[in-house]
Amino acid sequence: MKQLQMFRMVFVILVIGLALYFVFPLDKNINLGLDLQGGSHIVLECVDSPNAPVDSDAVNRVIEIITNRINPEGVKEPVIQRQGERRILVQLPGMDDPQEAEGLIGKTALLEFKDQNGETLLTGAYLKTAKTSFDRFGRPNVILEFDEEGAKLFEQATTKNVGKILAITLDGQEISTPVVQEPIPSGEASIVGQFSVEDAQRLALLLRSGALPVEVKILENRSIGPTLGRDSINRSLKAGIVGLFLILIFMVVIYKWFGLVADLALLICMLLMMGGLAILNATLTLPGIAGIVLTIGMAVDANILIFERIKEELQMDKTFRASIEAGFSKAFVAIFDANVTTLIAAIALLYFGSGPIRGFAVTLSIGIVVSMFTALVVTKLVLELLGQRLTEKALV
Amino acid sequence: MNILSKADIKFVSRRKLFYTITGIVILISLISLLFQGFNFSIDFAGGTLIQLAFKESNVTVAEIRNVLGEMNLASSTIQSLSNNEFVIKTVQVELPERQKILETIEERIGVFEVLRVETVGPVIGQSLKQLASLAVIFAFVGMIAYITIRFQFKYAIASIIALAVAVLIVLGTLSILQKEISIPIIAAILTIVGYSINNTIVIFDRLRENLKTKIRSPLGEVIDLSINQSLSRTIYTSLTTLLPVLALYFFGGTLSDFAFVLLVGITVGTYSSICIAGPILLEFDKKGTISAKKIPASTQKAVEQEIKVVKKVKKSKKKK
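Chains A and B are the protein sequences, given in the same order.
Every position in the first sequence, counted from 1, becomes a number in the working numbering once 88 is added.
Every position in the second sequence, counted from 1, becomes a number in the working numbering once 19 is added.
One thing to keep in mind: the hints can contain errors.
[Stated by the list, open to error] Listing some non-contacts, in silico: residues in chain B with all C-beta distances to chain A over 10 Å:
| no. | residue |
| --- | --- |
| 1 | Ser76 |
| 2 | Asn77 |
| 3 | Ile234 |
[To be verified] Stretches of chain A that chain B covers, calculated by requiring three or more beta carbons in the stretch to come under 8 Å of a beta carbon on chain B:
| no. | segment |
| --- | --- |
| 4 | 316 to 322 |
| 5 | 325 to 339 |
| 6 | 376 to 382 |
| 7 | 429 to 437 |
In short, the hints are calculated from the structure, not lab data.
From a predicted model like this one, the values you see are computed outputs, not experimental measurements.
In this text, a Cβ means the ideal position worked out from N, Cα and C, and glycines have one as well.
Can you make the complete structure from the sequences, with help from the hints?
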């Protein structure tokens, strides 16, 4: 075996090994997009209102508040990002109810202290912080700490209502109805209710984050339940397998043993594509799967070009080995130019596309690069290794 | 299997026929684009989409339409995906109202699972349209630049014309059938942009190679030869690409429309690469610069002198 050939073989095996290492287990290493695993993609815009004009600070505060609201929901890997001046992108994977996310973000979390007549004496606007603790009976409670002004208002409220109920409401719903024992001047209060530790933590978070400082409008909400996502995966997987199978057969029918070598290259191409996705930590979306399915079809193109060229060379009465050599070298320029122009379109998509489209562009781009490698390097290597065992009859 | 290897089809001499057929199809497309326009999905037009799967399977579109009608949403479109799955598209509805719609449907028709909720404001659609146009422009400029560097500017323009033909016919088909233009459809169209040019490049690459050896043959003949030499590859590749796309079309669910655009696009793109790209190139070569470019300077001069002599002879003949 020639040294160069040895080098190429080691390289190919290394690449395949690397892909195998990064790809498996599949479900851990391939990130699924929201459209496949279910989830919500929401774009918010902060809008000016007469009392609360939007500034950079307000947008950051909104992001902070939304983050606080989402974290206790146990959402895995949420994305909350500022987009441009006033927009915020929120991505929440794995929400069961497509309506839930919007509700969560839209929550106002307005805390009010009301006397028996239903008059509001104090609101969460004066809250400095809120945290969870346990009272002396071991019950979880929420400790509130007011700012200076809030402390004064709270003192007044408690003074006026000694022996009476001071209801604490959140978004208009009563969460606790304590009876005031004595005036509280310290600006500290605790809410003891019928809640678990988790409930208390969640409430504290909600209160701490408080109401959004500016009005927020939902520009876009794409929420997909897990059922639809699973259905999409199954359908496209089926399409991919059927398509792959048809091509594997097609190549063998047209190019016989050479077709089988191309089939091997195609399967390796699929593996490397998944490896590429895993290494780049890219997200697989539904259009991304379409990109893979399309790549299955386009990947064999380079091999078709080469094999057709080999056939032509054979017709010019060249020897079999010389024809293979000439086929590869003459087809190379066409393969290279054709793939680069396609790559230009894919990069245009990558650059200007958003969300799922970017997913499509990613798989398409990876597919173009990887299929060139498998068609040119892997196919040639396998043909060379088969060497003398191959005759003209293996192709024509 | 060698059906196509000996093909010798005279594409160039039939170019008037191809131009006419293509022209008519493009004209029909343009008329539809002008008068019918596109059926934009909520991605671009804005609105709300709700996909529901009822637990029972005897729900009808009319029942849902009745409920929506009572809520002043009579103009909504309701699409039945299977006997219990429906897609409802309305104008943009905010969360509280949406909740009310869903509650009413549940009360009046039956229990369901919400599979998907999408609501898009008009602002988003506007910026998407801009991004999509930018993507197309970027792709076109990038391709023209690359082909000009690797070939010649004329090749670039001929490729882009063949490409534009394919894209126009795809857009026309979408308009005639009033298929919804959504984000995945835009991605499919851009794929056609990339794919269709791929076929043209392979033919032009062969032409570039042939021009080096066949100096004395007329350009038209060399173009025909190049198309024919690449013909089996072009058709096989189109077939292998169509196979998985067909599978996607039949099994794809939400991807069916995406696959449909690719089916039309790949077919039309293959046609325009074979029948339009090469012949158009000939139209651009009245001065004969394409065949001369790849000839070594010394030969080129000799050929030019020869041409001059021939021209002189012709002129003198005319004078006589």
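Against the structure, the hints come out as follows:
1. Ser76: Holds: least Cβ distance 16 Å, greater than 10 Å.
2. Asn77: Holds: least Cβ distance 20 Å, greater than 10 Å.
3. Ile234: 19 Å, holds
4. 316 to 322: holds (count 3)
5. 325 to 339: Since 10 is at least three, the answer is holds.
6. 376 to 382: Since three or more residues must qualify, the claim that chain B covers the segment 376 to 382 of chain A holds, with 4 doing so at under 8 Å.
7. 429 to 437: holds (count 9)
Every hint, counting from the list given before, is met by this structure.
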